[in-house]
Amino acid sequence: MDRDVFERRLSAILVVIAAMLIVLLVRLWQVQVVQGDYYLKLSEENRLRDTPIAAPRGVLVDRQGRVLAANRGAFTVALLPLEVRHPAAEAAALSKILGMDSSDILTRLAEGRDRPFEPVRLRRDVPKEIVAAIEEGQLDLPGVLVEVEPVRQYLYKALAAHALGYVGEINDQELRRLRSAGYELGDLIGKDGIEQAYDAYIRGKNGEVQAEVDAQGRVVRTLGTVASVSGNTVVLGIDLAVQQVAEAGLGDRPGTVIAMDPRDGTIVAMVSHPAFDPDVFVAGIKAPVWNALLKDPQRPLLNRAIQGGYPPGSVFKVVTASAALQLHLVTPDTGFNSPGYYNLGAWTFHEWKALGHVNFIDAIAQSCDACFYQLSQRAGPSAVADYARRYGLGEPTGVDLPNEASGVVPDPAWKERVWKQPWYGGDTLNMGIGQGYVLTTPLQIARMMAAVANGGTLVTPHVVTEIRSLDGKVIARIAPPAAGSVGVSRSTMDILHTGLAAVVTRGTGVGTQLPGLTVAGKTGTAEASHGKPYAWFAAYAPTDRPRLVVVAMVENAGFGAENALPVVKQVLQVAFGIGETGAAPSGTPTKPATAAAPVGPAVPGAAPAAAPKAGQ
Amino acid sequence: MSVGLDRRVARNIDPYLAGVTLLLCVFGLVMVYSTTRYGLHPLLFVRSQALHFVVGLLVAGVIVAVDYRSFAAGAKWLYVVNLLLLAAVLVAGRSSLGAQRWIPLGPLGQFQPSEFAKLAIVITLARHMSDRAGPYDSVRDLLPFLAHIAPPMILIFKQPDLGTALVYGAIFLGMLYTGGARRRDLALLGAAGVAVTPLLWHIFKEYQRRRLLSFLDPSLDPRGAGYGIIQSKIAVGSGMLWGKGLFAGTQNVLQFVPEHHTDFIFSVVGEELGFIGAVLLLVLFYVWVARGVRAAAVARDRFGALVAVGIVSMIAFHVFVNVGMTVGIMPITGIPLPFISYGGSALMTMIWAAALLLNIGMRRQKILF
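Going down the list, the sequences are from chains A and B. Going by my numbering, 45 is the number at position 45 of the first sequence; the sequence numbering is gapless. Going by my numbering, 44 is the number at position 44 of the second sequence; the sequence numbering is gapless.
Hints are supplied without guarantee of correctness; some may be wrong.
Unchecked claim - Quick list of in silico lysine to any residue cross-link-like pairs, SDA-like style, CA-CA up to 25 Å:
hint : chain 1 : residue 1 : chain 2 : residue 2
1    : B       : K244      : A       : A405
2    : A       : K415      : A       : S529
3    : A       : K353      : A       : H497
4    : B       : K244      : A       : D37
If you are wondering where the hints come from, they were derived from the structure by calculation, not from laboratory data.
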């Protein structure tokens, strides 16, 4: 083709492009200069407001579907950063109404800068009178918004507070960690217990209303609504009636009660006292209340069942007995002499009672310290420590609750490392009866007893059994696999079973004899560094095919048989539906006596007939 | 093949084109910063864009140094590789806003082959058209070229990326027109394209249909696609004559305008710099395009001239459709504003296009057409 045509066409292209740009210029002139005022006004008045619709948290129910934690509607006062004209003045006015520091309000407002068209929540669960006060003064407080939000309600207040946990506003640290998982500023999040561990299932999905509002903050029209999706229902292994009797049995004494199915580790009751009212956290706990909880010498926030470390005392003899039997140091018929003390070199170890001549079964039944001093000395500290670890002591049980403690299983190497001291013979003796450096969580003891009860399997405890969607479909079944096997012989187990049954039939635990139910267990009275000893009782029942392990530990209470045992007994009675208990918990919201029949991890096939009051 | 820069050749470099290109890129970085400086990492986007800018410049240096005719030599390979990459997007691509456009590259981020494909198609079509130099006396003479762009166009359409496919159409028309095709033949092809459009309706994804419909009537879907147009017009219009000032846009801050750092970045230019700023930006684009046309005019061969025309068509179409979209006279098609919009693949493609123009312009010498 010829050059002229090419150049002509090239020019034509440039002309076309110039024309297109001129079209754009004309249009820009029209939009920006001719209609500029109009659009400027629109840009000032046209505001979008994204109001989140908080999703109701999933309901927590016990094993029979009885609701433990639900939601109620509450008023939340929020600020829309965009619509606040005079932050300082409004913060001052609001601080009076809400009882907050105005500097707090300003800080929160500043935090919301990132997303100025989303409300910043100031205070949740505001009383109606305050809502009325705000609505009245609405004109003076542009940008203040009152939303109705679902907040957590614990139907039984402090019942199982540590296992359930509580809910609070997400903090900076959590937000940094969880932002990628869709958490946002102002979200409510599980802070402890099940609420924390299963938050992803429980929290649901927030919805959103997007609306166009005018310069006065009035909604002109709703542009779109995304409904919130309620969280999933969490089914706990906890049985309300068993939990209630355990709570009542422990009363206001500091301590803990655990009931667990030894076959699969399902926790049926978990009590830790003193407890706290989880409802106080929902509205944003006030600093003085929080500080009081933190500084309380009784440590109400501590879940003693899994976070406390206690010397287990004679309950530990299960471990020492296992080691001695496995090492063939003893048979059921081995005779012991118990003069009431034990000499090791120049040292004399006193024991609680002089028993005279006893065999090994009676040594367990009567909790003979001298006998176990002797056995632990012969087995040696490493073997005892080895068997303690086989029973899962010294390591977290893997329960589905946050911040579990490990406890301590000491041995010479450990003492050298931690205390920079050599291991003494006396340390071995102390360890053999669960004193000295041994520290366990009550849940570890429950798991140890479960291993004995089920013949040697180290189960993984878990509070939750199922997650269900709103329409009742099972989303997840929580059945963690067992951690392994203890690895002791059948005959060792048999002898342990005989010994622990003897504790109840003729030993320190006779107080738990119940009509129609065979119980085995072990008492413990562990000396505390100050105050009276820790009282322990750990039991399982029925002895032929155990379906429940119950452990009670009462801090600084005295003898296990006197202080912990009655709690265990009451729990067993309710769990297995044995007659009316003499110590029926009073003032509890439901009727455990009538509800008792079909509860518990399993009900004995033949319900016991008229149950006479068990002697105390 | 001549590699390396002869001094005499280097003296011919077009300072206006190079200068305007750099100016546009720097302006783009400023605007990307203005639109993305909120949140926890205010420099996140602008840093990524700057990195692509620098890498783009380094590669551009190589492109300028190599005689552009070596690209003609490699055209066949370029065509095949281009098709493979576009096919790879469909297989391995990451989807965004309902379309697959990116190939993830692990730590290197991701790249969008359809951006590079624009440049590749300019080069390969120019080679094809200089091999088959015409004259084009009937529609039938144009069919080989239609067959040339159809495969990549279809692949891009399937992503689906309506906007980029339309860019191909603009490139095709521009190059064939200057290449000597008869007007009536081009009109015929254009008419055929329009006739096929109803068929495309079925291929469109739901969101593309909504975009087209809401272009015709924005109030149909104020929260969805129409919302973008309304908010963008409010942003641009509220800038008025002088703008609200750089970094002072309120619609920008509120992120009312969707995709305001990528496709809708011009709305922020309009809001913050006003009519004056918008006009200055369009003038810069005009200077750029005019220097590109000049490169085409002085090119030493048909291949170079056609490459230059293809690039000019591509950029002009981008600017017109993109800016037109933000002021409501063009449908929302997802075409970035060259050199300005956030997006590494697009930025590098545009820089390399400029480098090719510089290359063609400075190796002019004798004109043998």
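The hints, checked one at a time:
1. A hinted pair counts as satisfied when its Cα atoms are at most 25 Å apart, and B/K244 with A/A405 does not qualify at roughly 60 Å.
2. For a cut-off of 25 Å, the pair hint linking A/K415 to A/S529 stands: about 18 Å separates their Cα positions.
3. With a C-alpha separation of about 24 Å, the suggested pairing of A/K353 with A/H497 holds against the 25 Å cut-off.
4. Annotation: proposed proximity of B/K244 to A/D37 holds, straight-line Cα distance about 13 Å (limit 25 Å).
Of the numbered hints given earlier, the model fails hint 1 alone.
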